[in-house]
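Make the full structure from the sequences, and use the hints.
2 protein chains.
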Amino acid sequence: MDAMGGDRAPGEVVRGAVWAAEELGIEPVLVGQKERIEEVLGTLGRRPRLEIMDAREVIGMDEAAMAIRRKRDSSMVRSLQLLRDGYGAAAVSAGSTGGLVAGGLLIVGRIRGIRRPVLASVLPSLKGSSLLLDMGAHTEARPEDLLQSAVMGARYAEFALGIRAPRVALVNNGTEADKGSELTKAAHSLLAASSLNFIGNIEGRDIHSGTADVLVTDGFTGNVILKHTEGLASAIFAILREELNQGLGSKLGALLLKPAFRRIKRRMDYAEYGGAPLIGINGALIKCHGSSNALAIMNGIRVARDFARGEVVRRLTDYFSEEDDHEQPEQNH
Amino acid sequence: MDAMGGDRAPGEVVRGAVWAAEELGIEPVLVGQKERIEEVLGTLGRRPRLEIMDAREVIGMDEAAMAIRRKRDSSMVRSLQLLRDGYGAAAVSAGSTGGLVAGGLLIVGRIRGIRRPVLASVLPSLKGSSLLLDMGAHTEARPEDLLQSAVMGARYAEFALGIRAPRVALVNNGTEADKGSELTKAAHSLLAASSLNFIGNIEGRDIHSGTADVLVTDGFTGNVILKHTEGLASAIFAILREELNQGLGSKLGALLLKPAFRRIKRRMDYAEYGGAPLIGINGALIKCHGSSNALAIMNGIRVARDFARGEVVRRLTDYFSEEDDHEQPEQNH
Numbered sequence: 001m002d003a004m005g006g007d008r009a010p011g012e013v014v015r016g017a018v019w020a021a022e023e024l025g026i027e028p029v030l031v032g033q034k035e036r037i038e039e040v041l042g043t044l045g046r047r048p049r050l051e052i053m054d055a056r057e058v059i060g061m062d063e064a065a066m067a068i069r070r071k072r073d074s075s076m077v078r079s080l081q082l083l084r085d086g087y088g089a090a091a092v093s094a095g096s097t098g099g100l101v102a103g104g105l106l107i108v109g110r111i112r113g114i115r116r117p118v119l120a121s122v123l124p125s126l127k128g129s130s131l132l133l134d135m136g137a138h139t140e141a142r143p144e145d146l147l148q149s150a151v152m153g154a155r156y157a158e159f160a161l162g163i164r165a166p167r168v169a170l171v172n173n174g175t176e177a178d179k180g181s182e183l184t185k186a187a188h189s190l191l192a193a194s195s196l197n198f199i200g201n202i203e204g205r206d207i208h209s210g211t212a213d214v215l216v217t218d219g220f221t222g223n224v225i226l227k228h229t230e231g232l233a234s235a236i237f238a239i240l241r242e243e244l245n246q247g248l249g250s251k252l253g254a255l256l257l258k259p260a261f262r263r264i265k266r267r268m269d270y271a272e273y274g275g276a277p278l279i280g281i282n283g284a285l286i287k288c289h290g291s292s293n294a295l296a297i298m299n300g301i302r303v304a305r306d307f308a309r310g311e312v313v314r315r316l317t318d319y320f321s322e323e324d325d326h327e328q329p330e331q332n333h
Numbered sequence: 001m002d003a004m005g006g007d008r009a010p011g012e013v014v015r016g017a018v019w020a021a022e023e024l025g026i027e028p029v030l031v032g033q034k035e036r037i038e039e040v041l042g043t044l045g046r047r048p049r050l051e052i053m054d055a056r057e058v059i060g061m062d063e064a065a066m067a068i069r070r071k072r073d074s075s076m077v078r079s080l081q082l083l084r085d086g087y088g089a090a091a092v093s094a095g096s097t098g099g100l101v102a103g104g105l106l107i108v109g110r111i112r113g114i115r116r117p118v119l120a121s122v123l124p125s126l127k128g129s130s131l132l133l134d135m136g137a138h139t140e141a142r143p144e145d146l147l148q149s150a151v152m153g154a155r156y157a158e159f160a161l162g163i164r165a166p167r168v169a170l171v172n173n174g175t176e177a178d179k180g181s182e183l184t185k186a187a188h189s190l191l192a193a194s195s196l197n198f199i200g201n202i203e204g205r206d207i208h209s210g211t212a213d214v215l216v217t218d219g220f221t222g223n224v225i226l227k228h229t230e231g232l233a234s235a236i237f238a239i240l241r242e243e244l245n246q247g248l249g250s251k252l253g254a255l256l257l258k259p260a261f262r263r264i265k266r267r268m269d270y271a272e273y274g275g276a277p278l279i280g281i282n283g284a285l286i287k288c289h290g291s292s293n294a295l296a297i298m299n300g301i302r303v304a305r306d307f308a309r310g311e312v313v314r315r316l317t318d319y320f321s322e323e324d325d326h327e328q329p330e331q332n333h
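Residue numbers (our numbering), protein chains in the order written: chain A, 1 to 333; chain B, 1 to 333.
Careful: at least some of the hints might be erroneous.
No copy is singled out in the list; a pair is fine if it fits within one copy or between any two copies.
Here are the computed lysine to any residue pairs in the SDA-like style, where the Cα-Cα straight-line distance is at most 20 Å [to be verified]: (1) K127 to R241; (2) K71 to R56; (3) K258 to N245; (4) K227 to K265; (5) K34 to W19; (6) K179 to G98; (7) K179 to R116; (8) K34 to R72; (9) K265 to E243.
Calculated directly from the structure, the hints in this document are not laboratory data.
Written out as structure tokens, the structure is:
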């Protein structure tokens, strides 16, 4: 646990980790400035089994990704080294996305055969949730990258989320196979020829309909979709509030509806989903939202536990090494 | 008025045109199968000043764009010819988007200096609405196309929508100028150097915040955003309904809230916005949603009236011919 990463670290992060220890029965390793971590623990009046690893430096939220090269004694770098060395089953950080993606690549390293790790995000849907990837680790993509993303997303959905034969869809500006950009048309062919449970193209209007378990797209579009979901949901809630403040009947109605609204917000709330897995590196790494509170951190740790427990990294390693075996002979013909 | 275009033509289209004639004081020219138009008019029991132009063929919603070449006597082709010839001040169709974009280009023709016409769409925002373009006329774009889109959107916003010095933003996966895809980084430079009121990059989360009047993006991303808005809004309303059906207090609350919900739905409803202008051709052309009802058609005609009244086409013609004048001497140096 990168105890110093995020806007509300170390307070909320340490609180979330303690909560996770109690709730999930895991034993957190808190990496960061020892005295500040101890200070937060002191205020809690309880202390489950946990470990503290001192790391003196902190990588700020606005620092360039390459700060991970300079700040060798930062909580983020030390956490990633522990993950690489197998000291922890998974790593969790609410620190800067750029730093974490770069650190995942440079410190933990890629799974052999995977060109680029991707960040996946859980989106709420009418039937629960779907996995969207790439949500922004890489702005540009080639058709082969989208195929690899699909394989990573499908393995993750199957083994970390427990979805059998997950349905994979490609985000596009039309459902027909011959519609789309050069990128999506080529990716569609690759996906259709793969062994995945590919259900075809999906349009923007079906992203939240629960039609697909895994939504594949490039990092630019994924980032726009993810932030658009956030922005549109809060715009609708703001309009709702505005409308409800008109008229006495509405005000009374609003009062009666409070519990329902709380449940809806919860279903839309990123804090409930906890974190975004970085898939494709040699370890289970979870990126939590920069403004994570203790609940989000606790849920991030839950996601990390499922990521590790599902042995997604080993399964992807097996998959891509078998692919290597298949491809080698053909190339030698 | 293409009286035969759309899923609910000619019934809803003719009803919408009659409504517009009464409400807006315009005189519609209904293009399509005369006897079917007369049949609808007969059921209305009233007949404002209008004209009927017989056209025997109909272009179906699923026909390829190039049907406009084959079906010379279709309501869509005839409507576009009337627009080209200046017989009407503007044209409105709820027929297939592909056909209309192709027809706009081939029959009405481009404004000189504009490489590609774009479809713009009105998106609801916290402060009213914003104009998003391109919403899908072209899947791929070059940086220069985004600059032209911005100019077209800004002129349209100023003269058809009456927004002074409209704020133009570029949809991107980060607000910083050096963030984004190759396309958006290059487009950002062009926009920053232009005379537009360019306020910089905008992320997905601010698309509905009312920060910008004109949102510029490529047709792939624009299409995903537009359909995502539709899909997410209906998902949220579905969850709302589900949650409101739980518990007696909620049910009573829901009853009291009905008027507020109706107002919200109205604010989110495409029928209220009417239609998407195709900007960049030699005429004011509005594409209505394929499933438009009479209200959507009426509002589409209102949008077409504002498009024509604002003389957007003349202003764009002036702008791009001046640009020609400016650029020529430099090239001759």
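Outcome of the hint check:
no.: 1; hint: K127 to R241; verdict: between (26 Å within a copy, 14 Å between copies)
no.: 2; hint: K71 to R56; verdict: within (9 Å within a copy, 74 Å between copies)
no.: 3; hint: K258 to N245; verdict: both (13 Å within a copy, 13 Å between copies)
no.: 4; hint: K227 to K265; verdict: within (16 Å within a copy, 22 Å between copies)
no.: 5; hint: K34 to W19; verdict: within (19 Å within a copy, 73 Å between copies)
no.: 6; hint: K179 to G98; verdict: between (33 Å within a copy, 12 Å between copies)
no.: 7; hint: K179 to R116; verdict: between (26 Å within a copy, 19 Å between copies)
no.: 8; hint: K34 to R72; verdict: within (16 Å within a copy, 79 Å between copies)
no.: 9; hint: K265 to E243; verdict: both (17 Å within a copy, 11 Å between copies)
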